[in-house]
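Asker: Throw the hints in and build the complete structure from the sequences for me.
Line by line, the protein sequences give chains A and B. For what it's worth, UniProt numbering labels the leading residue of the first sequence as 1, then goes sequentially. For what it's worth, UniProt numbering labels the leading residue of the second sequence as 1, then goes sequentially.
Copies of the same chain are indistinguishable here, so a pair counts whether it falls within one copy or spans any two.
Here are the computed lysine-lysine pairs in the BS3-like style, where the Cα-Cα straight-line distance is at most 30 Å: (1) Lys-6 to Lys-98; (2) Lys-6 to Lys-96; (3) Lys-75 to Lys-51; (4) Lys-75 to Lys-6; (5) Lys-69 to Lys-139; (6) Lys-6 to Lys-139.
Quick caveat, the hints were computed from the structure, so don't treat them as lab data. This structure is a prediction, so every number in the text was calculated from the model and none was measured.
Protein chains: 2
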Amino acid sequence: MEAAQKAFFDTYTDFQCFMIAQVNKGDFNGVGATHYNIVEYLYRNGPNTGKDLARKFHISAPAISRHVKFLLEKKLLAQKQTAEDRRAFLLEVTEKGKQLVNGSETQRHSVTTRISRQLPKKELEQFTRMLQKVVDILKQEGEN
Amino acid sequence: MEAAQKAFFDTYTDFQCFMIAQVNKGDFNGVGATHYNIVEYLYRNGPNTGKDLARKFHISAPAISRHVKFLLEKKLLAQKQTAEDRRAFLLEVTEKGKQLVNGSETQRHSVTTRISRQLPKKELEQFTRMLQKVVDILKQEGEN
DNA sequence: TGTGAATAGTTAACAAAGTTAATTAATTTT
DNA sequence: AAAATTAATTAACTTTGTTAACTATTCACA
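Answerer: Okay, here's the thing in C-alpha cells:
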C-alpha cells in the first residue's frame with residue numbers, strides 16, 4: 001500500500017474506532033441511539049411507514065417493529081393506518097417527540113461542538129468541505 | 001448555532017449515518033468485526049495486553065476478555081505471560097491470524113481505497129492531516 | 001517488611017439490538 | 001376465485017456490549 005494511502009487508512013481506522021465507541025452511547029432517558037435516530041428522521045423527513053424506515057436504516061422489519069412499538073409506548077411517535085393500504089401505518093412524530101429532538105444534546109452535537117471549538121474557523125470550513133467530498137464519494141458507490 | 005458549525009454538524013451527521021450502516025457488516029467466516037479489528041490492530045502494532053486493547057477500542061475489560069478467548073480458541077492469537085507482571089498477558093498474532101488479515105478485504109479497506117482513488121494525492125494528505133487533528137481532539141477529551 | 005489499595009484478567013448475570021422463521025391480514029396477480 | 005406477494009408482528013435466538021463480584025499479583029508506604 002502506498003504511503004499516503006497507508007497514513008489515511010491508519011487515521012481513518014483510529015477515527016472509526018472512536019465513532020463506533022461513541023455511536024452506541026446515545027441514550028436519552030432510556031431512548032437508545034436507534035430509537036432517537038428514527039424519531040429525528042421522521043421529524044426531519046415527515047411521516048413514513050415502517051417499511052420505509054427499515055430501508056432507510058438498513059435493518060430488518062422486526063427490528064423496526066420493536067423500535068416503533070417502544071416509541072409508541074413512550075408517546076414519541078403516533079401512527080395511523082393509511083387509507084390506500086390498510087396493512088401499512090404512517091408513523092409521525094408527536095409534540096413530545098419533537099421536544100425530544102429539539103432538546104437533545106446528542107453525542108453528535110457534543111462531538112461537533114468540541115471539534116468546532118478547537119479548530120480555527122478556516123480549518124473547520126476546510127475540513128467540512130473535504131468531509132463533504134468524502135461523503136459524496138461514499139454515496140456515489142452506495143447507489144450501486 | 002453558527003453557520004460554519006452548522007455546516008460541519010450536517011456533514012458529520014451524514015458521514016456518521018454512512019458509517020453506522022457500514023461498520024457492523026464485517027464478518028469473515030464467523031470472525032466478527034471487533035474480533036477482526038483486534039487481530040488487525042495487534043498485527044500492525046505488535047503485541048499488546050488486554051488492558052491496552054480495552055483502552056484502544058473503548059470497550060470494557062470483560063468484553064475484551066471474551067473476544068480474546070474466542071480468538072485464542074480459533075488460533076488467531078497466542079498469548080504469553082509477561083515476566084515483569086505475571087497478571088498480564090501479551091497477545092500476539094499467529095501465522096493463521098496474519099493470513100486472515102492479509103486475505104481480508106474489510107469495509108475499511110474498501111472505503112479508504114475508494115476515497116484514496118478519487119481524491120488527488122495532495123488532498124488526501126491534507127485530509128489525513130486534518131482528520132488526525134480531529135482524532136487528537138477526540139482523544140484528548142476521552143482521557144478525562 | 002507486612003498490609004492495604006490498586007491493577008489485570010476472568011466469570012456470571014444481564015440488556016440492547018440485531019437476526020431468521022413463522023403468522024396474520026390485506027393486496028395484487030393470474 | 002385462488003395463489004402469490006406484501007406490511008407488520010411475534011417468537012426464539014445470537015452477538016456483543018455492560019456491571020458486579022472474584023482471583024491473583026503488584027505497588028505504596030508506615
